[in-house]
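Engineer: Sequence:
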Amino acid sequence: MLCSPAHPAFRKEPALHTGEERVWEEDLEILTPHYGIEDVPPPAETLLYAWQHTLVDVSPFVLPLIVAGAVGYSAAQAATMVSACLVLMGIATFVNATWGNRLPSVLGPSATDTGAMATAGAIFGAPAMWMAGFVGGLFETAVGASGVLRSLRRFLPPYVCGIVVLTIGVSLARVAGGWIFADTRPQMLTLAALAVISIVLFTVIGNRLRIGVLARGSLLFSLLLWGVIVAGALGLADFGALARAPWIGLPRPFIFGGPGMGWTLAAGAVFGVVIGFVGSIAESIGDYAGTCAVSGVPYRMRHIHRGITVEGLASAIGPLFGALPLTTYAQNMGVIATTRVASRRVVQVAAGILLLYGLSPKTGTLLVLIPRPIVGAVFLVVCGMIATGGLRLLACGPKDEVHFLTTAISLIAALTLPLAAAGQKEWLTALSPTARLFLSNGVVIAITLGILLNAALRSALGPRSEA
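Residue numbers for the sequence shown follow the working numbering, beginning at 1 and rising by one.
Hints are supplied without guarantee of correctness; some may be wrong.
Cβ-Cβ distance ranges computed for the label pairs, FRET-style [what the hints assert, rightly or not]:
(1) Lys425 / Leu152: 33 to 41 Å
(2) Gly72 / Gly423: 24 to 32 Å
(3) Ile248 / Glu426: 42 to 50 Å
(4) Gly72 / Arg174: 20 to 28 Å
(5) Val204 / Ser74: 44 to 52 Å
(6) Val204 / Ile412: 31 to 39 Å
(7) Thr32 / Ser74: 44 to 52 Å
(8) Leu431 / Leu265: 21 to 29 Å
(9) Lys425 / Ala182: 44 to 52 Å
(10) Pro186 / Gly423: 25 to 33 Å
For the record, the hints were derived by calculation from the structure and aren't laboratory data.
In this text, all values refer to a predicted model and were calculated from it rather than measured experimentally.
From the three backbone atoms N, C-alpha and C, an ideal C-beta is built for every residue, glycine too.
Could you build all of it, start to finish, from the sequences and the hints given here?
Structural biologist: Here's what the structure looks like:
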């Protein structure tokens with residue numbers, strides 16, 4: 001990655017306090033996209049790239065099941081949560097790309113918030129969990145709309161956001177690896193390997209033969225080829241369920257209650273969930289940085305303020321319909337880095353497709369039926385691009401003792417503590433919800449240690465202490 005002041009997109013500008021001031025003094029440049037944020041690809045390409053974005057967003061099909069299991073919901077109730085999440089994703093993504101921070105970002109259920117919600121639900125019950133999610137959404141809205149993050153940005157220099165983004169990439173890669181080995185039949189693992197090989201081949205052939213759509217659509221083409229066509233032909237995927245899925249399914253408000261309609265206010269649940277929201281906010285700030293970098297635009301305060309405000313509003317509305325809190329997805333940043341398509345129009349169309357998934361279970365069923373190992377293999381490539389973006393962010397800033405110590409301690413703790421704690425389940429269960437959240441979530445660890453160590457060491461060692 002280059003931290004280059006020479007690039008015209010990152011000229012030095014005075015701080016205007018209008019939202020147009022840069023977040024950091026460092027100038028970030030990672031990639032020059034083929035289609036920029038305001039570019040509009042041809043209609044057929046736009047549809048292809050948009051669908052590709054939705055195919056790496058599998059969290060709305062998984063995270064609601066975790067929360068539903070924590071509070072004892074039935075399969076039908078879990079399915080209702082999935083549909084509600086998809087509808088909210090589509091609406092929030094479109095609003096954010098059109099009127100919010102106007103970045104090519106996809107919003108979806110937050111793994112950080114979901115972990116906090118599931119913990120709160122298991123301890124305090126579903127009514128307290130939903131109320132805590134509602135309060136957390138209002139908290140995030142206030143944080144984004146108030147402009148308070150402008151004065152807090154010094155605690156999140158580029159390299160700290162790089163620690164967070166790298167941790168996100170590695171954490172998601174563990175999930176992708178689990179999906180790859182969810183079915184260890186040789187045929188399935190072979191198809192998973194071929195899917196990764198195909199991504200490389202499509203990219204190389206597309207670039208060598210100047211067939212841009214082939215290179216930029218490599219993720220989608222690989223999924224369709226091996227996950228739908230070949231897997232279906234070999235009998236490894238049962239697409240007969242498409243015929244049984246209903247065409248229309250509308251979300252209903254207050255299906256799990258609401259304020260004054262059965263929800264309860266529990267201080268412990270609210271505290272734990274709000275801590276999760278703080279982690280999600282910091283995670284989003286890192287995601288915005290990475291998205292700006294791979295999209296070839298300077299990172300400005302308006303991206304943070306507007307983006308966090310939209311995420312907060314969506315997260316407050318979501319529980320009223322049975323949906324989980326939303327955050328900006330890092331995997332879609334990985335898609336942009338892989339395809340070099342950063343068009344907002346593509347993401348707006350992707351939002352419509354996500355809305356269609358939620359309103360029409362039949363269309364969403366197609367994604368669910370693609371064999372998990374093949375989805376995991378493609379997702380693993382996306383995770384690698386996310387992690388690479390984090391490494392490039394880590395290269396920015398002064399290379400001094402503060403940088404090295406903060407990175408070393410935060411990163412190794414974030415990548416190892418959750419794995420070590422998972423092996424001590426009885427001990428972990430006995431801890432308080434807050435301690436459990438901190439020890440089991442690598443992103444929360446990376447955010448917390450990165451911010452605290454950077455601030456403490458910078459204060460103790462001065463503005464620049466060469467190693």
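Engineer: Each hint: holds or not?
Structural biologist: Hints and how they fare:
{"no.": "1", "hint": "Lys425 / Leu152: 33 to 41 Å", "verdict": "35 Å, holds"}
{"no.": "2", "hint": "Gly72 / Gly423: 24 to 32 Å", "verdict": "26 Å, holds"}
{"no.": "3", "hint": "Ile248 / Glu426: 42 to 50 Å", "verdict": "46 Å, holds"}
{"no.": "4", "hint": "Gly72 / Arg174: 20 to 28 Å", "verdict": "27 Å, holds"}
{"no.": "5", "hint": "Val204 / Ser74: 44 to 52 Å", "verdict": "48 Å, holds"}
{"no.": "6", "hint": "Val204 / Ile412: 31 to 39 Å", "verdict": "35 Å, holds"}
{"no.": "7", "hint": "Thr32 / Ser74: 44 to 52 Å", "verdict": "50 Å, holds"}
{"no.": "8", "hint": "Leu431 / Leu265: 21 to 29 Å", "verdict": "23 Å, holds"}
{"no.": "9", "hint": "Lys425 / Ala182: 44 to 52 Å", "verdict": "21 Å, violated"}
{"no.": "10", "hint": "Pro186 / Gly423: 25 to 33 Å", "verdict": "30 Å, holds"}
Checked against the numbered hints above, the structure violates only hint 9.
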